[in-house]
Structures are given as structure tokens and as C-alpha cells.
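**Q** Letter by letter, the chains look like this.
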Amino acid sequence: MIQLDHIYKWVKSGGRRVFLLNDLSLHIEKGEFLSIMGTSGSGKSTLLNVVAMLDGFDEGEYYFEGEAIHDLKAKKRTSIFNENIGFIFQAYHLLDELTVYENIETPLLYKKVKSSERKALVADILDKFNIVGKKDLFPHQLSGGQQQLVGIARALIIKPKLILADEPTGNLNSTQSDEIMKLFKELNEEGVTIIQATHSENNAAYGSRTIKLLDGSISKN
Amino acid sequence: MLRNYLKSARRTILKNKGVYGINIIGLSLGLASCLLILLFILDEVSYDSYHQKSEDIVRVVFKAEIGGEEISEAVVMPPVGPTLEKEFPEVLTAARLRKMNNPKLTYNNKNYGDFEFAYIDPEFLEVFDLKIIKGNNTNPLENPKAVIITEKQAERYFGTENPIGKNLSFEQWDKQFTVTAVIEEFPENSHFEFGVLASMEGYDYAKSTSWVNSDFHTYLLLKDGEQYKNLEAKLPGIMDKYMGPQIREAIGVSYSEFKDKNQVGLFLQPLTEIHLNPDFVSSGDLKPGMDIKYLYIFGAVAIFMLFIACINFMNLATAAASKRAKEVGIRKVLGSGQKQLVKQFLTESFLATIIAALLAILLVVLFLPTFNQLAGKSLQIIDLLQFSIVLTTMGLIVFVAFLAGGYPAFFLSSFKPVQVLKSRFASSGKSSLRNGLVVFQFIISAGLILATIVVYQQMAFIQNKDLGYHKDHILVIREAHLLGEQREAFKNQVLKDPRVTSISNSSFVPAGPTDISMSGVLLGGEYQRRMFIYNVDEAYIPTLGLDLVSGRNFSKEFGAERNRVVINETAARSLGFHKDPIGKTFTLDTEDGGRELNIIGLVKDFHFKSLHREIEPLILMNNPYGGLIIRINTADISTLLANIENQWQKFNIKEPFSYTFLDESFNRTYLREQKMGTILSIFTGLTIFVACMGLFGLVTFAAERRVREIGIRKVLGSSIPEIIALLSRDFIRLILISFLIAFPLGYFLMEQWLEDFAYRIEIKWWMFLLAAFLTTFIALMTIGFKSFKAASVNPIKSLRTE
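Chains as they are written, first to last, in our numbering: chain A, 12 to 232; chain W, -12 to 789.
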């Protein structure tokens, strides 16, 4: 599904290149649940952003389902992202002024899904995540775990092929964390490909494969 | 989708009440000012356009320069109208109007004054739309004794009786007229304002063939009003043909010789331009016009204010970018394109603008009466429903929403999600565009403050200028001519009151309603120019406090003073009697071939016309008639007035006692400038208020953005004043930069305004200093308040949140 070949990404600092990603090659199969581990600054988030096409890279090749991402225009990349990828943040990043229901509905609005279909899809996912009773609440009225649940529901609403999660449980306690991980596991079993970046060995263990990053390169596969 | 945009917008506005409060209040003030000023301007430009044929009507005016005297008159010679109609086929109809001053009529043994009277040609009704509501509506003025009156006058004289066929007598002119029709009042936006209009057929002067005396307002209905310049080009030929021979007869010089030294000509002025080109105010214009400059000034102020409010919107939106950035990032990750975000932000600005517009309409409704009072208008709330106003309002909403919301929309929607979501993002404090816009706001604010200072200084200058006469404590009774033979007796009775210093018998006063008389002057048989004539008595000079430079005043001791005159310094200079005019003689051009006058005194120049105009030559003649001018020496005016009124009634005058104070009349001369000054200062205040609200918002953001920096600095030992200085420095620098542009610009524009005054102040350095001080002070107050709050926060709090 994803093929990264010799990816380099750097920033210039005082005339020298500081490598964020250094000759990184990675192959991910459809249906995998990959955990990326590594210390702060090892390049986990950068890698996720590159995979998500939210960030570019300076050298190397990136194929997404056979499509050469490195050759595409920004607009096309954005549309591939919008069609296929759901992104989950450590800080949830819910829209404060929208209710739970509206937050989950937003991606559908941008995809111009019809009103009746939207209602059905949102109702389904609220049901699945057991948050029907919370649908009219605003994010600040929810606990961290609940907010992340909404974040995941929102990422899933477009039925993405790939879920990218950047330390999804970083702000949660261990009980909440386990619940989210179990949910990921279930989703993975339903056929969704998942890539998560995490600090926690415990969380990584839910995945089917773990890679370790060090200074922008894979140190352990 | 729109519903969702609206929902988002509504919640965003509610959540950011502070910022949107500033934006909406600013925009509503800007829009309200725009609407008020638009109403004002529309009313001003609508003058005389209500006549169906207004586009094809022109007025014939007279301009000349004779003997160095510039003449521009709204009235022309009696035969001009009929001659032009006869000579040129493109003139369909000519209609003349001859206004008569101080008319008095009698009906049913009752005297009436205080109305406007004119003779008009019967054709006047063909040219202009006068709505006849009663009586003969085909040709009411055919009969030489016919008169038409307005509704109000009809009610005044006849009450509920039918006015048609009733006789009104004008004893002063020994005439009787029969009412043939009643017309509607002239609308406010007409340069006509008459109550009684009599047929020109019965007015002998109208049949005069003189091309030397001008007294007739003359209007032409043209085939094609747009071509009036073509007709105008043919008018010099008419002057040669008709005026030429008469000039030779009148002053003994051939017309071509006369034209070598002097310029005379007839010109055409489109009807709808009369009101906004008041060049003829001083010589026969029917109603004071409006200087078009004020329309430009107000229009500019309205637009400035709207711009300032829009700038607030833009600046605050971009300054708040760090807050909105996260939302942009999330939405983009959720699949939003830039276009959709632009739409969302524009929805916000549209919603805010529409709220502001509704508020603005409310403000206009609330403040229209106040504005009317200030501007001397009678604008109606219903006027707001005019098609053009509604259209403009909608146009303004769209324009403002795009202008104010457009830049932020594109700016915000261009954020890259990766950058903004990492929460490392902070919109940089330094935005050159934002700084530029702040500078622009303060250019306008400082410029307006400077303008207001200059206007007020000029007004104060006029108030306090040495006019060459004393305007205070002078009571003018123009109606004293009603006393007739008894005037002397009345005068002596009033003089007995110790509170009365002196009384002069004259109808000529330097301010307010006055008789005007001009006559040509010849020197050694050669025509010089026209000079103003004041007919006065021997008490005039002391009563008005004129300064006699040399020679003597008129005096009863010297017997008949009929051919002796006192002149002013300008007249002396004009006649070439620089050193000592006393004893010199010159000739007054009269019907019976001239009158030799002997100069016995010279008065210092005094401002007998408004300070807009240079002092002109003036001749004082000893020929008392008309009103009384009373110098008093008491502050207790009411009992004195009661006493004088008491005397007035004893003389059994039918007219009620009426008077004016000279200083009040004087002030009224500058009423327009004063009103405009007041309006200008109010709008200046509002503009600055809106600009400062924006500044307040920006400082708030700056303080928020730098809260950590402030905390660290305080921990390191910085004092509160130092923090305030830190926060204010950037803004003060911008304001100082704005002075560099505002002051030269303001200087240039105010020089233009001052040019209208023949007697004016110079713009001095301290005015700039004062404007700079005021602007900086107001800005500092705004910034200081917020800065102080930010600086006073306990640093532990602000650092802990990091």
C-alpha cells in the first residue's frame, strides 16, 4: 500500500543540514497495524506527516497504492489524502465551537455528502462508539478519553483506508489508553490499515509490526 | 453547506465577543455615518431636480469686471429673457422672476409681512412645476392683476374661506392683486422659496428695454439642455447688439472701448447646478447655496470612517490568526479546501457586516433628528427607503464584507496544517501590512484632528476679529419704517432710557438683513466702478463705533449735507485719494446725469460684508431712512426690550415689535461654517473612536501574544512602566510615522478650505503640535490601559500556563 524509498528530509540550520528523515525506506502492506516508536525528536511525527502528505520531503520516492506521490501536484495530493486517510492527533484537535455531532459531520460536509446520507453515517458511528448521548455536547464538556473517541470517530467517518495516529493516547490515562488501543485493534481487524506513533511499549504491542526510529532512520524493524 | 457556514460564523462571533464587538461597533458607526452623509449629499444634489424639465432649464447670469470690481450676479437686465427667446430658436421659453424685498400686504384691514414675494412671467408656470391645487390651473397669471399664493399663505390670510377671487392690497407699491390660484409650497430642495407670486404683466419695470440695470432672475427652457454651452457661446453677440448702444449713451464711451478695459458677459448656469455653486449668494441669489467642497469633505469623512472600521476588521482578524490557525489546520486535515475556508471566513464577515448594518440603520433612525438640527436639514427616516439608498446600503454591505473579510479569509485559509497544528505556530507579531494599515488609520485620525483644530481656529478668528465696528450691544429694529412720521418721536422716547447710549436711523447694517445699494462712480467725467452706498444719519458712526480717521462726521450744524459724504479707506484708495481725500470731489452716476459729491470724512475700513470677502469701497451718505440702530449699555436686556416694546405699542403700530441683535446676525452669517465645523468635529471624534477601538484590540492581542515574554521580563526584574513602554513602543512608532504623511496632507487640504476666506488665519506649527499631542495622547490612553493590565499580571500565572 505504501512504499517509501530513500526518503530524506532536512531543514537548514546555520548553513548546515539537519536531517529529520535520513535515508528512510519503508514498506507497509494493506491491513497492517504498524507502531512507530522512538524518542522525542526521532522523526515519528515527521514520518507520519510525510505519509499523510501534509508535509513534503526533499529527496526520495513515495508511492501510495502505486501512485507516485513525489510527482503529484499539491492539489492532487490533498485530494488523495482527503479520500483515503484519517488523521488522529495527540491533542484531539476538535473544533471547539462545534458539537460532537457537528465535529464528526464536518469531513462529510467537505466531501459534499448529501444531508440524509450524512445523518445516517453520523448516527451509525455515534452508535458504534457509544456516544449518542453526548452528541450535542461541546468538546470542553467531555473528558480527554471521550474527546479522543470523537477524534477517532471523526477520522473514521469518511471510511478511510488508512488511519494515521500521532501519539493518540499521549494525553490519556492508562485505562482510557487501553480502550482506545482495543478500538484500534478492532478497526484493524475490520480491515483498516493503521499507523500509529507512540512512546508506549504497551501500546506498540497492539500493533502487528513495530519499527523504531532514531535520528530519522529506522534502527529496528 | 451555507447553513453550516452560518452556524460556525454565529458561534465564532458569539465566542469572540470582544473582537467582534469592536468590529461590529466600528462598522456600524462607519455605516451609519455613511448613510447619514449619503442622505445629506443626496438631498443637496437633488436641489431643483424635481421639475420635470429640470435638465433643460438654465439660468442666465451676469459676470463682469468693471474698474477692478468683480461682479457676478444671479440677476440680469429686463430685456434679456424676451430677447434670447426671440433671437434663438433653441430657446423654447424664457421666464423671468423679479424678487421684491420686504413686501407687506393688507387684507381685511390686517397687515401681513414676513413672506417672500416676486413678480413672475406667466411663462414661469410652463417652465417650472408649480402644483396648482385650487383655482385657474391653465393660465392663472394672464391677468396683470393676478396673483398666486401658496397653501400656507392662503390659510394665513383667508383661513377656511375660499381664497380665489379675493383681493390683496400692497399699499407700499399702491397695487391690488386678485388671487387666481393656490399652489403647493415650494419643496425644501428648491432654490425658490416664495409665498406670493404676482403676474409680471402688471409690473412696468419688466417692460423696460434697459441693458444697464440688472434685477431679473431669468430662466430659459432649452430644446436640449445639454447643448447650453453652444448657446452660451452666442451670447457675446447679443451683448454687442443690444448693450453696446446703451453703454455709449450711459457712460459716453463706445462699447468696444469699454470692453477693452473691462469684461462683461452673460453666462448660462444649469438649473440643477445653482444650489451647489453659490457664487451669486451675495448678489441676488434667492436662497443660500451649499459649497460643494463640504459635500466632498463629508463624503471623504464617511469613506474614511468606513475604511478605518474595515481596517480594524482586517487587523484584528489577522492578529487573532494564531487563535484561528488551529481551526484552519484541523479543518484542512478533515478535508476542507482553501476555497471552503475562504467561504467560511467570508460568511463570518458577512454576518458581522449585516449585524453592523442593522445597528447602523437603528443609529441613523435614532440620530437623524440630531443630525437634522446640526446640518439644518429636514431629512426624513422614510428617505432611507429611496431606491438609491437601499441599493447603496446593500452595495456597502457586500463591499465592506469583502474588503474587511477578504484579506483575513485568504490569509488565514492559506495556513499549512502541519505548521499550525504542531502548536509551535504563533503569528508573528510583526506584520508589515498590519502596520501599514495602522499607519493609514492614524493618518486619517491625525489629519482630521488637525482639520478640526484649523476650522475651530478660523471660527474663533472670525468671532474675535477686529471688524472695525462694535457688534455687541447693538439692537436693530428694521421695521422702524412702519413708524413713518412718528419715528423721531419714538426715537426720542427710547433715548430717554438711560440704558440706551445712542440711536442711529439707517437701514444699513454690516451683518444680517440689510438694505443694499450700489452706484457707479465717475471721476473727472470718467467711469470708475460701482461702490456700495450706505444711507445713514449723523449718529451712525458713533453708534456702530466706526473709527473716523480724518475729517468730520455728518452734523446738523453744517446744514444741508446732501452732497457731502464720508468714505472708507478702500474707496479713498480706489479713487486715488491716498493721502488726504478730505475736500476732494467725485461724481455719483445717477439717472439725472450725476451728482457731485464732496468728501468730508474718512472712516477706517470696517467689515460690512462677511469675512469671506475683501472689504469693498463704501460711501456713507447723509440720507437717513428706514430702520433704527440702537446702542445699549446694559446687560439687563429683557427689561430694556420690554420698555422699548412698550413704547412701540404706544405708537399704535399694527405690526408686532421685532428686533435683531447685531452680534447674533453676525454669528448667523457664519452659521454654515459653524454647523459644518460641528458636524466635522463629531465625525472626527467618531473616526478616532473607531480607530482607537482597533488599536485597543491590537494591543490586547500583542499583550496576549507576549504574555510569556512579559512574565519572564518581570521575573528578571522589569518594572510595570517598562513593560508598558515595551508594549506601547511599536504602536507609538507607527503613530509618529503617520504624522509625517497626515500633516503635509492636512496642511495642503486646509489651505484650500481657508482660501475661501478673504480674512483667515495662517496654519501655525503649534496646531500640528497640538494635533500630534492629542492623537498620541488618545492613543496612549487606549494602549496604556491594556498594557497596564498586561504588565500587572503576576508572572507566575502567565509562566505556569506554558
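Keep in mind that the hints are not guaranteed to be accurate.
[To be verified] BS3-like, lysine-lysine: derived pairs with alpha carbons at most 30 Å apart:
1. LYS145(A) with LYS41(A)
2. LYS122(A) with LYS596(W)
3. LYS248(W) with LYS122(A)
4. LYS123(A) with LYS274(W)
5. LYS274(W) with LYS130(A)
6. LYS86(A) with LYS364(W)
7. LYS330(W) with LYS170(A)
8. LYS330(W) with LYS146(A)
9. LYS170(A) with LYS(-6)(W)
10. LYS274(W) with LYS122(A)
11. LYS274(W) with LYS132(W)
12. LYS248(W) with LYS193(A)
13. LYS313(W) with LYS145(A)
14. LYS86(A) with LYS543(W)
15. LYS146(A) with LYS326(W)
16. LYS125(A) with LYS132(W)
17. LYS248(W) with LYS596(W)
18. LYS596(W) with LYS123(A)
19. LYS248(W) with LYS139(A)
20. LYS248(W) with LYS123(A)
21. LYS132(W) with LYS123(A)
Worth flagging that the hints you see were computed from the coordinates, not collected in a lab.
**Q** Does each hint fit the structure? Answer for all of them.
**A** Tested hints:
Under the criterion of a C-alpha separation no larger than 30 Å, the hint pairing LYS145(A) with LYS41(A) is inconsistent with the structure, at around 33 Å. For the hint linking LYS122(A) to LYS596(W), the alpha-carbon distance of about 77 Å lies beyond 30 Å, and the restraint is violated. Our distance criterion of 30 Å between C-alpha atoms is broken by LYS248(W) and LYS122(A), whose separation comes to about 85 Å. For the suggested pair LYS123(A) and LYS274(W), the alpha carbons sit about 65 Å apart, so the restraint of at most 30 Å is broken.
For the given pair, LYS274(W) sits about 70 Å from LYS130(A) by alpha-carbon distance, which is inconsistent with the 30 Å threshold. Pair hint LYS86(A) plus LYS364(W) does not hold up; C-alpha atoms about 59 Å apart against a cutoff of 30 Å. Distance check on the hinted pair: LYS330(W) and LYS170(A) sit about 26 Å apart at the alpha-carbon level, within 30 Å; holds. At most 30 Å may separate the alpha-carbon atoms for a hinted pair to count; LYS330(W) and LYS146(A) meet this at roughly 26 Å.
Annotation: proposed proximity of LYS170(A) to LYS(-6)(W) holds, straight-line Cα distance about 26 Å (limit 30 Å). Under the criterion of a C-alpha separation no larger than 30 Å, the hint pairing LYS274(W) with LYS122(A) is inconsistent with the structure, at around 67 Å. For the given pair, LYS274(W) sits about 27 Å from LYS132(W) by alpha-carbon distance, which is consistent with the 30 Å threshold. For the suggested pair LYS248(W) and LYS193(A), the alpha carbons sit about 108 Å apart, so the restraint of at most 30 Å is broken.
A hinted pair counts as satisfied when its Cα atoms are at most 30 Å apart, and LYS313(W) with LYS145(A) qualifies at roughly 23 Å. At roughly 103 Å between alpha-carbon atoms, LYS86(A) and LYS543(W) are farther apart than 30 Å, so this suggested pair is violated. Under the criterion of a C-alpha separation no larger than 30 Å, the hint pairing LYS146(A) with LYS326(W) is consistent with the structure, at around 28 Å. A threshold of 30 Å between alpha carbons decides the hint, and for LYS125(A) with LYS132(W) the separation of about 83 Å lies outside it, so the pair is violated.
Distance hint between LYS248(W) and LYS596(W) is fulfilled; the C-alpha atoms sit about 27 Å from each other, no more than 30 Å. The hinted pair formed by LYS596(W) and LYS123(A) fails the criterion: a straight-line CA distance of about 75 Å is larger than 30 Å. For the hint pairing LYS248(W) with LYS139(A), the CA-to-CA distance comes to about 103 Å; that exceeds 30 Å, so the pair is violated. For the given pair, LYS248(W) sits about 84 Å from LYS123(A) by alpha-carbon distance, which is inconsistent with the 30 Å threshold.
A C-alpha spacing of about 83 Å is found between LYS132(W) and LYS123(A), which places the hinted pair above 30 Å, so the restraint is violated.
Of the hints listed earlier, those the structure fails to meet are numbers 1, 2, 3, 4, 5, 6, 10, 12, 14, 16, 18, 19, 20, 21, in rising order.
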